[in-house]
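Asks: Residues per chain, in single letters:
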Amino acid sequence: MKLESKIPAGPIEKKWDDHRFNLKLVNPANKRKYTIIVVGTGLAGASAAASFGELGYNVLAFSYHESPRRAHSIAAQGGINAPKNYANDGDSIYRLFYDTVKGGDYRAREANVYRLAQVSNSIIDQCVAQGVPFARDYAGYLDNRSFGGAQVSRTFYARSQTGQQLLLGAYSALSRQIGEGQVKFFSRREMVDLVLVDGMARGIVVRNLVTGELESYAADAVVLATGGYGNVFYLSTNAKACNATAVWRAYKKGALFGNPCFTQIHPTCIPVGGDYQSKLTLMSESLRNDGRIWVPKKQGDTRKATDIPEEERDYYLERLYPSFGNLVPRDVASRRAKEMCDKGHGVGPSKMAVYLDFADAIRRNGKAWIEEKYGNLFDMYHEITAEDPYKTPMRIYPAVHYTMGGLWVDYNLMSNIPGLYVIGEANFSDHGANRLGASALMQGLADGYFIIPYTIGDYLASTKFKPVKTDDPPFRESTKTINDMVNKLMSIQGTRTVDDFHKDLGKIMWEYVGMGRSEKGLKKALKFIPELRKEFWSDVKVTGKENDLNAELEKAGRVADYLELGELMALDALNRSESCGGHFREEHQTEEGEAKRNDKKFSYVAAWEFKGENKKPALQKEALEFEYVKPSQRSYK
Amino acid sequence: MNFTLKIWRQKNRTDEGRFVEYTVKDISPDASLLEMLDVLNNDIVRKGEDPVAFDHDCREGICGSCGLVIDGRSHGPNRGIATCELRMRSFRDGNTIVVEPWRAKAFPIIKDLVVDRSAFERIMQAGGYVSTKTGGVPDANAIPIPKPVAEEAMDAAACIGCGACVAACPNGSAMLFVSAKVSQLALLPQGQVERTERVQRMVARMDAEGFGNCSNNYACEAECPKKISVEHIARLNREFIRAKVAG
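Each protein sequence line maps, in turn, to chains W and Z.
Take the first sequence: its position 285, counting from 1, is numbered 1107 in the working numbering, and each next residue is one higher.
Take the second sequence: its position 184, counting from 1, is numbered 194 in the working numbering, and each next residue is one higher.
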């Protein structure tokens, strides 16, 4: 199989404009003849579905939630990047492009990233027009703040609820289309299979989560906007229902999975408390604008944070990276926190935490100022830990947050399966081996509002579609396969719950495929995961009925997929014998403990092809070329 | 900590439903109420029974999925938080905790503690938007908005659509929910063009869905996890009268 990225020729500034001109168009009267399925209605899916509806396509939108507003995009806190240069601090499209390619440790496609930076300004305009209440200065103009990996202030925000406000904006546009009947919204439906007809994506099978029925839907193209797979780790900042089932089932139908090992561990999360814990809570990166990260210089120091004098504190990020300080990229900040704790400088009951301290900012600007900027985060922290961060520093530790890997897509955001598009976190595209803060919202909305509405038209206009019905054999075969899987899960009636298995998998993943990875550890993971999978399929206990609302059965299907995806992640991590961004192979580091890339051998996208159950997937490589941002050792010193 | 739980179990929309008593042991005071329910559900599954169904997702108080009436209060005893943020340290060891679903005519029960809030969707579809299309909009800074106005709009926009206001209201009114959206868009310049039509359409839909009227009880504000003020209801009323006069 040859992977064609379909990157247009020409200088990088002109690629997207030229490409848009060359794309075929569907004339307005013909748009109503096409039906597009959109799975997932978070930022990427809602913005795409709304935009398709506005253009006049028939849209079928699916969510496992009751409402698009529940999607996990809602929980993004800090902000969204755009190089408006409103701050007059030297920002430009080229600088955002440069920062993103560098931040991703030179493992993203230049052309995609440049386009992302280009369209990001329009996103801010669009959201403001929808009534998104971004933060403003006293002149009434938009305010900005800084995020990691950048030395300019280009992040637009709405308190610490930016994701919420952007999603509600996209949701309002989508609601309008639903109200007008242009988009049909199917709530509480989980996609369980992709249906191919003559090798083209022509439909999906979903499980109705209220009745348990399997339902089939046909269309001319299928767009997956189903988010990331961080929940493979059990504990992550993802919402509980976030899952990989849609992308995984598409993978098993032939879609390639790009860079599965690229996972992002976010440095500022509330540390793990105990076994009961069901998820980890993020404290926005924006806090690093004003909070200072430190640990006691003395190992095993048990004094209260406020009792440790200034000269006995190690503000290690400021010490190691004087120019970026506390605003180094996420992968760097996470790794250093782990290193400090591993060396015995950790704090709190578990000793697996570092301090994030606002005392200086409160002294400098007052409590009210901090409250306005971060009030709800401070409240959230207080509620969870029963400690008051206005008085004592927050305790934070890295946690799984985002997955840069995902289904492989070309420049048009189409996978290797004709008619299957993948947008937002679900694709592998723009963030390389590490995503910069405030770039996920940007990418989700760029894909949905400003890229896929153009590129999908080209496919529809240039493809001949034969009529497809939902009782055609491919739909019936998919339904039967899924039915068999459901019946098998219900019939095992073993001794351990789905959560028991998920927690076990999470421990393996965190230990061996987490922040530090080694050949030895990854080989262990590749032994343990299949063993656990075997145990799952002979000893899991799922109660309730299949034709009813049954959360255990939902979880069981998802965990069954994680037990396969986890193995692919380990395999990819083992194959990539270099360190880059969030993928840190302990064998490959510089003397100063930074990630050491091997551009000669690994400057490629690893795209994995499913070859059958329990067979080793095949590795396809898409070479990455850097014409503009020349790869160098990333330095934030 | 140990607790006795009285949980509402109901098979489906038409089933009568009943309280079922459970006990949970050795719960960490730092666990959330939903994590306590996870522990309970795992016990129930091990016994071979059907676990308690409840809606939840982000577990950090922003998605609006969860919503339980706990000891008679929407989202439990603490102010300004959603059910998922409620920690067990808020209860006394050995207590009995009563857990029910939202109860309102417009929110039929689907199963156990899961209710159908699609009425909120239809209200939003009736007019909870600015009819802008993707593209064709001015530069973001072409619309300056005074900071206090933007802040007040944000206060309203913080609504998570959980429905606690409806569950708390003796009339099952959705006025706080509707007012939050009407207020946000009425405050902002972007919302002016459709201001008159929007409030009329959203209120008409609200009435058609079977939500009750506001009788200034203020329970909605008291139990709102985002502390949305009833001042927005006052603005909704003004907007509605203005629309009547203007329209």
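Simulated from the structure, these hints should not be mistaken for laboratory data.
Certain hints may be false.
Claimed, not checked - Reference listing, derived: stretches of chain Z covered by chain W, where coverage requires no fewer than 3 residues with Cβ under 8 Å from a Cβ of chain W:
#1 56–67
#2 167–181
#3 225–232
#4 247–254
Heads up, the beta-carbon is just placed ideally off N, CA and C, and yes, glycines get one too.
Asks: It remains to establish, for every hint, whether it holds in the given structure.
Replies: Quick rundown of the hints versus the structure:
{"no.": "1", "hint": "56–67", "verdict": "holds (count 9)"}
{"no.": "2", "hint": "167–181", "verdict": "holds (count 4)"}
{"no.": "3", "hint": "225–232", "verdict": "violated (count 0)"}
{"no.": "4", "hint": "247–254", "verdict": "violated (count 0)"}
In summary, the structure is inconsistent with hints 3, 4 from the numbered list given earlier, while agreeing with the others.
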